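**Q** As a plain string of letters, each chain reads:
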Amino acid sequence: MSSNLQSGDVVDGFTLGERLHGGGMGIIFRATPPPGRADLDFPLIIKVPRLGPGEPSETVVTYEVEVMVHGSLSGPHVPRFVAAGDLAVHPYLVMEYVPGRSLKEWVGKGPRPVEEVARLGAALARAVHALHLQEVVHLDLKPANVIVREDGEVVLIDFGLAHHAHFPDLLAEEFRHPMGSGPYISPEQVLGVRRDSRSDVFAIGAILYELVTATYPFGAPTSQRGLRHRLWQLPISPRRLVPECPEWLQEVILRCLEAQAVDRYASAAQVAVDLTHGEQVTVGERGRRLRRPGLGTLLKRWIMATGYEPSPLDRPSQQLATASIVLAAVATQHRNEQRFQVLREVVKRLLVSDPDRRLTCVTVIPVASELAGGREEEAGTARRIRHLVRLRNWAEPLGLPPERLSYHVIESGDPAGALLEYARVNQVDHLVIGAPPADVPMKGTFVSTRVAAEAPCSVTVVRSRAGGKDG
Amino acid sequence: MKLALLADVHANLEALEACLEHAAEQGATEVAFLGDLVGYGADPAAVLALVMARAEAGAVVVRGNHDAAVVASGAETMNKSAEAVVDWTRQQLAPPELAFLSGLPLVAKRDGICFVHASADRPADWTYLHDAVDAARSIGAARADWVFSGHVHQQALYHQAPAGHALAFKPVPGVVIPVPTRRPWLAVVGSVGQPRDGNTAACYALFDAGRATLTFHRVPYDWSVAAAKVRAAGLPEYLADRLERGE
Chain A
1 MSSNLQSGDV VDGFTLGERL HGGGMGIIFR ATPPPGRADL DFPLIIKVPR
51 LGPGEPSETV VTYEVEVMVH GSLSGPHVPR FVAAGDLAVH PYLVMEYVPG
101 RSLKEWVGKG PRPVEEVARL GAALARAVHA LHLQEVVHLD LKPANVIVRE
151 DGEVVLIDFG LAHHAHFPDL LAEEFRHPMG SGPYISPEQV LGVRRDSRSD
201 VFAIGAILYE LVTATYPFGA PTSQRGLRHR LWQLPISPRR LVPECPEWLQ
251 EVILRCLEAQ AVDRYASAAQ VAVDLTHGEQ VTVGERGRRL RRPGLGTLLK
301 RWIMATGYEP SPLDRPSQQL ATASIVLAAV ATQHRNEQRF QVLREVVKRL
351 LVSDPDRRLT CVTVIPVASE LAGGREEEAG TARRIRHLVR LRNWAEPLGL
401 PPERLSYHVI ESGDPAGALL EYARVNQVDH LVIGAPPADV PMKGTFVSTR
451 VAAEAPCSVT VVRSRAGGKD G
Chain B
1 MKLALLADVH ANLEALEACL EHAAEQGATE VAFLGDLVGY GADPAAVLAL
51 VMARAEAGAV VVRGNHDAAV VASGAETMNK SAEAVVDWTR QQLAPPELAF
101 LSGLPLVAKR DGICFVHASA DRPADWTYLH DAVDAARSIG AARADWVFSG
151 HVHQQALYHQ APAGHALAFK PVPGVVIPVP TRRPWLAVVG SVGQPRDGNT
201 AACYALFDAG RATLTFHRVP YDWSVAAAKV RAAGLPEYLA DRLERGE
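So the sequences go chain by chain: A and B. Residues in the first sequence are numbered from 1 upward in steps of one, following this note's numbering. Residues in the second sequence are numbered from 1 upward in steps of one, following this note's numbering.
No incorrect hints appear here.
Here are the simulated lysine to any residue pairs, SDA-like style, with alpha carbons at most 20 angstroms apart:
#1 B:K170 with A:P312
#2 B:K170 with A:D169
#3 B:K170 with A:Q318
#4 B:K2 with B:G27
#5 B:K170 with A:V193
#6 B:K170 with A:R315
#7 B:K170 with A:L313
#8 A:K104 with A:G182
#9 B:K109 with B:E56
#10 B:K170 with A:L171
#11 B:K170 with A:A165
#12 B:K170 with A:R195
#13 B:K170 with A:R194
Calculated directly from the structure, the hints in this document are not laboratory data. These figures come from a predicted structure and were not determined experimentally.
Using the sequences and the hints, build the whole thing.
**A** In structure tokens:
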């Protein structure tokens, strides 16, 4: 029945409007809600899958999976889920219509500028991370499933192949051939592993690669044999195809595309941080590589791949807990070695347990004189560097490798607001901040008080023991 | 309709009351008992009084191996201490309660659901559903959209793959899991009165028939009271220890 539907038809009270899309998997119409549903005050679409005789049973199951998974998701990075029809009567999905442009519009038109790739990629990675935090792995990330809103934020669609760690996986063992899109699926997906959130990190890497080079890192194979190449083959270095691609961006892309999940970024949030702060990416061999290794190395990788074992993994949320981002708010304005020391001890305890956990050191300094002009600008830069040096000096005793560390000097007249905004945008998991010293008189609200009250994550307020002279 | 699924109460009144209260808060309008109402615990008469009142009101109740042992002539399948508890339990029960246990069916079917204590495949054999292979056999015999059972004290959910075999899933408590009917499902709801996975909280599950969802729950209850009653009744010490450790 589904393919006979047309504009004007009414399905369970929803009136079908303009037909927007008619793809292989289904048809999409605009829709208006049933009378009396004043709560649905946003534009809607209805997606009707092509089900029926002749359609593969896979389509039916992916519809069921989409209903299960999409129905469980919330937040700004997925269309609001409204209703689903009974599979036996009217299979359909009603959801929010998301205005924006498909990421497809950016690919296939030649290499995109670095700034644009970094901006889109970071927005994509933030959206993917939001999904992972809800125990969901998308497993079918590709430009067609990414909508870029006008404000630059990304919305992900199409959860038909997704995996939810808290639901039985209806697609597990169901179909022999790997599911997903050839250019974007991870090596472990090729082998049938469906629950690793780092598979989505691989797909982010493939999309970044495509944006930068206008080609696919591993082609667009459809056969199992062709798909297996990514278990051992290395993609052509982006910088060889597009010399303007900076080393740091190549480092990020190739790290996402590592064959072993454990060698990739541990979370999409970490990809977003690196794409937002390219200048702080530690560039290694991956970033500098221009040619693929010789036959000998490839042969070795090929032999290794015959015994390829997917990396061990936890549930997405557990995986993310060990890969979290810790923000240390260091008051470099008020240098107090004892308070610095106490803060560092707490941060150290948070970092020792997991080698995937990263530290971001942030200080907020007052805005430099608004007067433009060479001298002030120079003075402003010198001032930022001074605080950067203090941040670095604060973090040195922690002995962290550079890839686990980053430093940020933010200029703002509103320290609490700046820290909160930074924590939100960078999906910080744990914020550590010093309590005001006992001898500071209460003037309005303390920065730490407001941060603790409003932060989107856990906050530890660090205080020296009373007296505090023995530190 | 929200249906509370309670298995393996094992004469633990405190755990049963805690689960019923929790289910009522969650909006349960009906309840089904999946066998082993008695055995191990110190409150068989009080538990049966509660269950019989619910059965009177239309609740499904099926028979478990402990229920069967109490009303059977010999309890030859049980070990010695279990046998002692069976004898003790029999002495605590009045004729109407024993008659109620005798009259319980092995299997009940209603609205596409099969209720059974152990496996729907030869239910009187009390086969433990240890894995997906056992579950597939029970699903095959039940011929229902959903099979709800107990006997194994750990919560588990299985569904049948198109090829016919079953796939196992370990549910996370409190998560509303969709269980759509295109394939049969089998849930082992866990034990109300004697949890054995190292967590002392009572187990049960809530089935929402309208939405076709299943939610596994863990309900903390005052096990110290239940354990003290076991000791006061002179029942084997290890039965009290088990409640305190959830093992």
